[in-house]
Structure formats: structure tokens, C-alpha cells
Amino acid sequence: MPEYKAPLRDMRFVLNEVLDLDGHYAKLGLEEVNSELLNAFLDEGAKFSENELAPLNRSGDEEGCHFEDGVVTTPKGFKEAYAKYVEGGWPAINGDPEFGGQGLPGSASIAISEMTGTANWSWSMYPGLSHGAVATIEEHGTDQQKNAYLPKLTSGEWTGTMCLTEPHCGSDLGILKTKAEPNADGSYSITGTKIFISAGEHDMAENIVHIVLARLPDAPKGTKGISLFIVPKFLTDGNGGVGERNAVACGSIEHKMGIKASATCVMNFDGATGYLIGPENKGLNCMFTFMNFARLGTAIQGVAHAELGFQGGLAYARERLAMRSLSGPKNPDGPADPIIVHPDVRRMLLTSKAFAEGGRALVYLCAQLGDQVKLARDDAEREQAHDLMALLTPIAKAFVTEVGLEAANHGVQIYGGHGFIREWGMEQNVRDARISTLYEGTTGIQALDLLGRKVMMTQGQALRNFTKIVHKFCEAHGDNGELKELIEPVARYNREWGELTQAIAMQAMQNPDYVGAASVDYLMYSGYVTLAYLWARMAAKAQEQLDAGAGDEDFYKAKISTARFYMKRILPRAAGHKGAIEGGLDCLMELDQEHFAF
Amino acid sequence: MATYKAPLEDMRFILNDVFQADRLWASMPATAEVTRDLSDAILDEAGKMVENLLFPLNRDGDEEGCHFDDGQVTTPKGFKEAFKTYAENGWTAFSGNPEFGGQGMPKSLAVLFEEMMHSANSSFALYPALTNGATLCLDAHASEDLKQAYLPKLYSGEWSGTMCLTEPHCGTDLGIMRSKAVPNDDGSFNISGTKIFITGGEHDMVDNIIHLVLAKLPDAPAGSKGISLFLVPKFLPDADGNPGERNGVAAGSIEHKMGIKGSATCVMNFDDAKGWIIGEPNQGLAAMFTMMNYERLSIGIQGLGLGEVSYQSAADYARERLQGRAATGVQNEGGNADPIIVHGDVRRMLLTMRALNEGGRALSTYVGMELDKAKFSENDAEQKAAQDRVALLTPIAKAFFTDRGFDTTVIGQQVFGGHGYVREWGMEQFVRDCRISQIYEGTNGIQALDLAGRKVTRNGGKYVDAFLADLRGWIDDNANEQGLDSIRERLVAAVDLLESTTAELLRQAGDNPDMVNASAVEYLDLFGYVTYAWLWARMMVTAAQRDDDFGRAKLTVGRFYFERLLPRAGALAEQIKAGPATMMSLEQDLF
Ligand SMILES: Cc1cc2nc3c(=O)[nH]c(=O)nc-3n(C[C@H](O)[C@H](O)[C@H](O)COP(=O)(O)OP(=O)(O)OC[C@H]3O[C@@H](n4cnc5c(N)ncnc54)[C@H](O)[C@@H]3O)c2cc1C
Ligand SMILES: Cc1cc2nc3c(=O)[nH]c(=O)nc-3n(C[C@H](O)[C@H](O)[C@H](O)COP(=O)(O)OP(=O)(O)OC[C@H]3O[C@@H](n4cnc5c(N)ncnc54)[C@H](O)[C@@H]3O)c2cc1C
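Protein chains in written order, with full-length UniProt numbering: chain F, 1 to 598; chain L, 1 to 591.
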């Protein structure tokens, strides 16, 4: 079974060296935050993840959650680990200091989320969902609401959920049916059924605060008629404690492919008391403000499963003996060579490594942009960060989870038959990873968001802002002899990205279906190119450190080596996606619905 | 919910119209009795059987799994009864040698039957599949006595068979196996050792289980040239040929797996179990090779079958699930949203699945026919050509069917959105069941090595040259056919690409021993996409002769294949050309 070790060296490389968070914090005027603090954090987070969470991952999968009579019990050890997490103050890292939070920016905790998530994704979803609730209340709640909920949510004594999905709708929230009837006291009675609610009910916290999307009686149809409500499991008693039980209950939990230790609940609201948060009928807009953060949270999952698949695969590939290297025995005294000598096994390992580390860089970069969106002092800077983050978030969410799933599958494959056996843990990694391309907006929906909203609706401006950055980077490093072969493909694909986008825009003007038909291939294309840029950036930094004699030569050389692998063996995949897009529309749209199967 | 109907119309289209398999059957005495009427009737019956008998057990079988208790394995509820019906209706004898009670059906028909089995219930399908492997091997290499004693009961389904190769420390590298066989005075052997991952190693559906076991004789040479093959029954047959004394072989446990949970995967302990040699000493692996192509194709078909059931379920769901509005305006006025099949991206997913499934079905039938020629043809040249063709295409069929099958089941799950992740809907089970097919019967990495190494570079590309010549010949012969006009250029470009990339592979492999292993998987994928292109072209030419919805749909899906999937080949070629350097330069410790 793979034993998780937090990849601290690589995390520091990305945070401190590539993204230069020290400089970043100084620029934002966050004097008390710096790499020293971050490093201490990382060490503690690693210990907690490795020692408390990783050991519960396999057993949590086998045991799963239990449902009985409305009560959900999490697997053995989960509750205790959560208590320690709360005690350690972890939930409060990013919280508003006014309510007991430590007020650290998102980039300071992103690596912690990665570690807890890699060690045990199911477990990490409980605190993960709370983030969404906290962010929503911080941003849109009244003072009274903040005072009532934030202290306990921030400390982690209470947890939160996001209740969007209903049986008949997930992507298309415009058709949701849950109702909110106003009461005389200013509160609302919420009635309806929500499904697939993560952490909707469990035994780890004394109260659960649901953020619920519902419709007011005379709300307009569609997405413009949705409002947002706070619906606590127990009403507050006015003194910060819990009072009466509210009319919301878990009807059942789902039996799933993976993340079995994360309770996925049917939640029945039966005239439950709720409180409007944000303006009437603006519920979806309110959600949008933190949607980028939530998506980023799921993007981390791609990194997590790629990392775990890679670590597990690597350990096994060094030990498992099978066949001889084609260039002569490498382990002449043993009955066979370790399988890491075989190029095909290396292909799987390097692919996983390239996705894990490249994905990490992308997700951390988005977190850095998130800081700027929130804290940059200059308006223009804030807006620029916002636009860039808006562009990169669907890429991070969908691309990183898609390739995370691929890497998890490589992990299984490296184990041969043992990969298919539960006790080895590699197949769980695939099952857990599989959800990440579905929830928080499917890959298809992310792709529509990228191509439709972020690229087309800005007339390509958002993309041009980014390709300009890439272009400048290539210009700055193109003359560096060592890096040339890495920069050249990035520059080429970066140019082509713009051309491809223009070609799509032309077609889309003639036929609105063109966007939907091209979207996922476009997203994957964009992902491969974005990662190429980040790999080149990491290689450039590594080269700089080597030139400066910074020590740690092996680490930097491995970086450059992996970057080369990425350019030669992974990046060409983008061409396949481009070809598919250029294949056009007719063959996709003309088949009659009834002729899909005979 | 998952839904399945045997795709009979497409199967008949491929078998009868595209390949005219009945002409081949008629040309060979061993299969002369198989007419088009007969094959159509068999497919009909098989469809009904899998739909009614096996498919309903699929979901429950996954939830319940197999039980192990004190050496006994109990299969999920209903499996045992279904197997009895299955055997009584003669399905276990399908491809068996008629001399011993088999029905002698050609592989080209069997592939379609196997596809239905895997669509309906992959776990169940594996029990007869393993028996098939064992009987093929026995039929080809065992002594007359052993055949007489075992084949009839294996064909009748009273007994079942296994293949015992893998050991805890080796699966791919069988040369280092440890199981021993010590000769007895009476000509039998005592077999000792531990085998793991043995499918159907123990279960409750039959009276006796016949293990074919690889083991080493006392003075066997080291490595793969020192392995012999033995028959080891669970119960030794008594004087009347019925199960008698219990042999020294027993299941030690069963594995808890990601999928195919209704299939028992057993640790088998051989403790001086009595066995009989099959074939010559130290020729065990060679004996296995004769049936290997059949088995690989069959396991490849597991990927295909699961891709098909996933597709059908997804297509049904996409017509029903209402979500969002079409980009071109409302399509479903009365409803609060449009069915998701109106969305370009959902269509992309569905058509990708379908194009891969139907391309795969054509390839499975094609390889099935070549296997039939290789076995039954009385024309030496035809037989030899078929053997070469099978050698070339089998690793592709195994790995490409299962890799694309896995992709397909994942896409099918994606069409269901969040429901795809929930077990009761059935879509995630197809993913879990399919995952194994990329691993066993030789991992797909090993298939790719077999292709790029043994089948291509080792003979200087001879088999590929013959294949490419056939493709070009076919393109010339059909130059004026209607179905070809829209895709001809793309097809020619694909054939050119396979040719140039093969040349590049041969060139670089000459300079660097790591080249083959470093590019094998991409090369196999490229080969698969180009082969499907040719088969799609063949289907399109045939479809253009029809004037009906089926024919028009084929043409559309074919164009989709050429326009939206085939471009992947270009990217693969680029990856291959990049060579092994970037994969080998990183030192082991620096990973
Ligand atoms: C384990 C789990 C945990 C979850 N946790 C939560 C949670 O905590 N809170 C919550 O509210 N929800 C949660 N969800 C729900 C999840 O977010 C939804 O399942 C997801 O948004 C997809 O919605 P759906 O299932 O209704 O799929 P559908 O919307 O029905 O989509 C089906 C398919 O159609 C495609 N599609 C739909 N519309 C379009 C379009 N316009 N164009 C192109 N393609 C389209 C989709 O991409 C998908 O492939 C969870 C789900 C699961 C399985
Ligand atoms: C459910 C299940 C059912 C099975 N049923 C049977 C059965 O009925 N009978 C039976 O005998 N076995 C059976 N097997 C075993 C199966 O065939 C083996 O697991 C498979 O052959 C791989 O062997 P391995 O597990 O030892 O992997 P390994 O050989 O250890 O391979 C590990 C990894 O290294 C790679 N690798 C190895 N050598 C090389 C090389 N030279 N070059 C490049 N890559 C290489 C492989 O591709 C793989 O990715 C079953 C397994 C499972 C899980």
C-alpha cells in the first residue's frame, strides 16, 4: 500500500521559488506572512496528514459511512481525527480574524489542503465544504448572520454544506424547485429535496449549517429566480450554542463508486426555517463570487490523486522485479530487474509526475491570483488577477482532474494485477479520483464556461491577456541555450492557441452549436498548453538556481528532465485535440436522436 | 439505469454485409455447415439468452460478490442456476471440437457471442471464458486419453477449467516461476506451489474444476524455456470418469477487488497435487501460445462488450435526462429543459463511444475470421497469411479494445453526471469491471511490446508491410465507391502515417534498444486508430449501398470517426518520433 509522504520539497519550490510568495505577500502588504511561517505550516500540515489522516484512508473506504434513521456515522477514527484538526486550529487558517480566524490568504493554505486531500480525500471533504459556507456568509451575510454562524464555523466546531443539486437538476440549476415561503418574523420556510449533498449529515460536528438554493414564491423563472438561504440543522440559541432542531433531515446516503467515507446525502427540507442571505433572486450571483475558490478546491483533487498514484507507483516500481532491461541486466544478482528500468513503466511514472507537479503549479498559481483578487491594493491589478483567474479556473478544475484520473490509472497499471486488488490501495485512488470530473460542474460544463463565457464572451480578451504573459516569458528566456528546446514548443503552441481560438470564433458566429461541440477538446488543448508554460517556467527557475549554484542539484536537474519529457511526450497530445476541433460540426449534430442505437 | 439489447442489427451488418463471413465458412470443410441462416439464428438466441438470463444478475452480482468460507467459494445468488441453464442449452460447447461434443462454431461468430456475454455480465462470462481457454489448450496439445477424459465434460458444462500461470512474485515474467512438478512412477506428476489470481479457481457451479498449471520439472532449464504444462483436476476422475477422490489442490482465499466481483479470483495452493503433463516437457509456454491469440482476443472483447452496454445505457439516458437548452434554441417546448442529447458535447461523448465500439466490433470480427482461416483453411498460403495477420493484430485487439473500452465506460459514466457515480445506476460498475481487462492476459504494456518488438521490429516490419499493402489494395479497389468519397484522403493519410511511423520506429530501434519499449504503447494506439479507420471505411462503403436510417447513421458515425477521432493518430506519431531520450535520462533515484 502506498505510504503518503507530503512532497514538501516540491511544494516549497513552487511556493517560494517559482511563485515567489515572499515578494507577493510584501506587495500585498501582508507583513506578517512570509515563507518562514509558511514552511512551519507545511511541516505541521505534513505531520498531521501523514500521521492522522493517511492511516484512515484505506479503512475508511472499506467501512464507508453508515446511515440509520436519519443519523450518519462516519468511519472509525474520522471523528477523532476531526477533533484533533479543530484543536490544532486548522479550520481557522483563512477565516476572518473578527470571528476567530487567522486571516491568512488562500495561497498560505493551499498546500495544506493538498496534503490533507492527498492523505484522505473523503475526510478532507468535511472541512472542505465548510469553506464554501464560510466564504458565502463572510461575503454576503448580514452582521447578525456573521455573528451567529461564523465563530463556530471558523473554529470548525460546526461544519457547512452547499445544497444546490436536486433530483432533476445539477448542471441546470435554473429549473430547481425547492421553495422558500416568507414567514412573519422575516425568516423563511424552506421545502424541497436536495440530493448528493456532501457532508449533509454526519457525526463530527455539533451543528451543520446548510447553504441552500431555493425559490421565493413569485420568483422569475430560470436562473434569475434563485435565492440563497442559511438553514442550520439546529437553530441557534442566541448565545452561540445550539437550540431547537430544525426541519431538515437526511433521508438516505448514496452508495458510491468511491469517496465512500464522505457522506453524500439526500436532504429533505420540510418547512425548515431559513434565513435569506444576499439579495432576493440573486442567489446564483452570490454563489459565483466564491465559485472559483470552490472549483480550485476540486482542482486540488486532481493533484492529490496524481500525486498518490505517482508515489505508490514509484515505490512499487523500484521494488517489483520482472524481466530484464533491454539494454542489459540492471540487477544481475536478482532473478529479474526492478520494473522501473523498463521505458514503458517510466512513461507511466513520468506522465504521472508531470501531471502532479504541473497541476500543483497551476493550482497554486490560481491561489496566488485569488489573493490578488481579494487583497491587491491597486484596482487594475485586482481586475487583471480576477480576469486571469476566471480564465484559468475552469482549466484547473477540469484539466487537472481529467489528467489526475489518468495518473491514478497509471498507478494501478504499474502494479499489474495487484493494482486491481483493494488491499493495495491503488484502485481506491482511481475510484476516489473518478468523482472529480463530475461534481462542482462536470468537465463538459467547465469547458463551456471556458470557451463560451471566458473566451468568447470577452472576444478573446481574457485569453489574449494570458497568452501575452506566456509570450513575454518565452521572449525573456528564448535565448537561454539550456532552455531553448523547452521554450520553443511553448511559444509555438501559445501562438497556435490564439489562432485556434479565432478560427472557432469565426465558426461559432455561423453556428451556435460550434462552441459546445468544440468545448471539451478546446479545454484539454488549453490545459496542455497552460501546463507546458508552467513546466517551462519551473524549468527556467530550476536552471536559474543551478546557474546560481543554489545547491540541491539533483532536484533541479530532475525538474528540467521532467519538463523535457512533458514537451516531447505529452504536449503533442494538444495537436490531437486541435485536429478534433477542426473536424467540424456536421458529423456531430446531424445524427437523428432516434438513430443513436438500432 | 443501465439498459442492454444485443446489437443484432450491427452484428449482422458487419458479419454478413461487410465481411460476408458465410462465404469464408463455406470455403472451409470444418465450418462448411455454418450458414448465414444458422449464424443469424444463433445470434438471435444468444441475444435473448444474455438479455434475459445474465444481464439481470449483473448488478446484484457486483453488490453481493463471491463468498469464501473454509476453502469453499459461493458465487452470487442466481449464478449457479443461470450457469446450469446456460450449460443445458449448449452454450458451453459453442466453439468446442465436435469430436468430443463441441459445436465447432467458428471464432468469427464466437466473438459476437462473447461480446454479448461481456455486455450482459462480465463476471459471469469469465467462468466459461476460462474454460474455453483450457479446452483449446487441451484439444491442441493433450494426449488422446486426457482429451477423452476431460473434453466432453468441459464442453457439456458439467466441469469447468482454469489457467494457472501467475504466482505471487511473477505475472509478466513467468520465467522466474517456482511451482514444481515431480514425476511419479505411473507417469503422473506431483505439483506443488502457490498460484495467485486464478479466475474460477474454486466455485460452486460445477462438479469438478480442471486446472491447467504451469510448473517446473526438477531439472528444467532456468527461465521461460524450463516451464511445463500440467492438467490438475480438483477431483481425480474415478474409473467411470466421474469426480472421485479429492486432489491436493485447494483455494486459500479469494481477492477483494475493484470490480468483476462476481468472478472468483483465487489463491490456489497445490500441495503434491496429482497432475498429468500436457504436451512436451519444458514446452509449456509454447503450448499456451497456441491458444493465446484466442484468449487475448476474448479478453479484448471484454472491453468492447462493456463499452457497448455503457453506450446503450448512456444513449438512452441522454434522450431522457432534461438539462439546459440547446444552443440553437428550445427543442423540447413542453418540458422545462431539453434532453441532454441536444448538446454538442453530449453528442461528442456518445458518438465517441459508438464509433469506438463499432470500429472494435468490426476488428474483432475481422480477427476472428483470420483466426478461422489460420485454423481451418486448407489453402497453405491463405493459412500462413492469416497466421501472420493474427500475430500482428491480436495484441492490438487486446490492448486497444480494452483501453478504448475503458475510456468508453468512463465517458458513459460522464453522460450520467453525478448519477454515474452512484452504484445503483450501474454505470460505474462497467468502469470497475472494465479496468481489469487492461491488466490481465498480459498487461496492455506487454501487448504493446509484443506488437512493437516481436511483431514489428523483430521481423523488419514484414507483417506490417503486408498489412499496409492490403489496405492500399483495398483503397484502390474501392476508389470509386460512394461511401469513400468524403473520407478517402484522410484514410490515405492515415495509412501513410502508419507507414512512415513504422519506418521511424524501425530506424530508431536499430540505434537504441530502449526505443521499442519507450514507444510501444503509443505505437499500438496509432496502429489501432489507423486500423479502425480502414474498417470504418469498409463499413461506410457497405453502408452507402443501403438506403435506410441504419445506413445513413453508419455514414455519419463513420465521418465522425474520421473527423473527430482519427486526428489523435497524428499526435501519437509525434510522441513516438520524439524517441526514448526523455524517458531514460532521469536517474532512478531522482524520480
Ligand atoms: C459524490 C457527489 C457529491 C456531490 N456533492 C454535492 C454537494 O455537496 N452539493 C451539491 O449541491 N451537489 C453535489 N453534487 C452534485 C454534482 O455537483 C452534480 O452531480 C453535478 O453538478 C452534475 O449534475 P447532474 O448530476 O444533475 O448531471 P446533469 O446536469 O444531468 O448532466 C448530465 C450530463 O449532461 C451534460 N450536460 C448537462 N447540461 C449540458 C449542456 N448545457 N451542455 C453540454 N453538456 C451538458 C453534463 O456535462 C453531464 O455529462 C455531488 C455529486 C456527487 C456524485
Ligand atoms: C482479477 C484477476 C484475474 C486474473 N486471472 C488470472 C488467471 O485466471 N490465471 C492467471 O494465471 N493469472 C491471472 N491473473 C494474473 C494476471 O494475468 C497478471 O496480474 C498479469 O499478467 C500481470 O502480472 P503481474 O500482476 O505480476 O504484474 P507485473 O508483471 O509485476 O507487472 C507490473 C507492471 O510492470 C510492467 N512490466 C513488466 N515487465 C515489463 C517489461 N519488460 N517492459 C515494460 N513493462 C513491464 C507491466 O506492464 C505492469 O505495468 C489475474 C489477475 C487479476 C487481477
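Just so you know, the hints here were simulated from the structure itself, not pulled from any lab data.
Just so it is clear, the structure is predicted and the values come from calculations on it, not from any experiment.
Keep in mind that the hints are not guaranteed to be accurate.
[What the hints assert, rightly or not] Sample of chain F residues lacking proximity to chain L, with all beta carbon distances greater than 12 Å (derived): (1) Glu36; (2) Thr73; (3) Pro97; (4) Lys146; (5) Gly222; (6) Gly238; (7) Ser325; (8) Leu375; (9) Tyr439; (10) Asp513; (11) Asp592.
[What the hints assert, rightly or not] Below are the DSBU-like pairs computed for lysine-lysine, each with C-alpha atoms no more than 30 Å apart in a straight line: (12) F/Lys541 x F/Lys47; (13) F/Lys47 x F/Lys76; (14) F/Lys472 x F/Lys541; (15) F/Lys76 x F/Lys224; (16) L/Lys180 x L/Lys147; (17) L/Lys225 x F/Lys330; (18) L/Lys84 x L/Lys274; (19) F/Lys330 x L/Lys216; (20) F/Lys330 x L/Lys180; (21) L/Lys48 x F/Lys557; (22) L/Lys80 x L/Lys48; (23) L/Lys577 x F/Lys541; (24) L/Lys577 x F/Lys484; (25) L/Lys384 x L/Lys274; (26) L/Lys180 x L/Lys274; (27) F/Lys84 x F/Lys146; (28) L/Lys80 x L/Lys147; (29) F/Lys330 x F/Lys374; (30) F/Lys374 x F/Lys282; (31) F/Lys84 x F/Lys47; (32) L/Lys577 x F/Lys330.
[Stated by the list, open to error] Across the chosen pairs, the derived CB separations fall in these ranges: (33) L/Gln103 x F/Met506: 55 to 61 Å; (34) F/Gly328 x L/Asp37: 55 to 61 Å; (35) F/Arg464 x L/Asn52: 58 to 64 Å.
Heads up, the beta-carbon is just placed ideally off N, CA and C, and yes, glycines get one too.
Hint consistency between F/Lys47 and F/Lys76 [alpha-carbon to alpha-carbon, up to 30 Å]: holds (20 Å)
Decide, holds or violated, for the assertion that all CB atoms of chain L are farther than 12 Å from the CB of F/Asp513. At about 5 Å from chain L, F/Asp513 fails to clear the 12 Å cut-off, so the statement is violated.
Given the hint that L/Lys577 pairs with F/Lys541, test it: the Cα-Cα distance must not exceed 30 Å. holds (28 Å)
Between the alpha carbons of L/Lys80 and L/Lys147, is the straight-line distance 30 Å or under? With Cα atoms ~26 Å apart, L/Lys80 and L/Lys147 stay inside 30 Å; holds.
Between F/Lys330 and L/Lys216, is the straight-line Cα distance small enough, at 30 Å or below? holds (26 Å)
Check whether the Cα positions of L/Lys384 and L/Lys274 lie no farther apart than 30 Å. Status violated; Cα separation ~38 Å.
Does F/Lys47 lie within 30 Å of F/Lys541 when you go C-alpha to C-alpha? Given pair F/Lys541, F/Lys47 holds - Cα atoms ~28 Å apart, limit 30 Å.
Holds or violated: L/Lys577 with F/Lys330, Cα cutoff 30 Å? holds (26 Å)
Given the proposed pairing of L/Lys84 with L/Lys274, does the C-alpha separation stay at or below 30 Å? holds (28 Å)
Check the non-interface label on F/Gly238: least C-beta distance to chain L beyond 12 Å or not. holds (37 Å)
What's the verdict on L/Lys225 and F/Lys330, does the C-alpha distance respect the 30 Å limit or exceed it? It holds: about 22 Å lies between the C-alpha atoms, which stays within 30 Å.
Would the least Cβ to Cβ distance between F/Thr73 and chain L come out above 12 Å? Fine: 20 Å to the nearest Cβ keeps F/Thr73 off the interface.
Of the hints listed earlier, those the structure fails to meet are numbers 5, 7, 9, 10, 11, 15, 21, 25, 29, in rising order.
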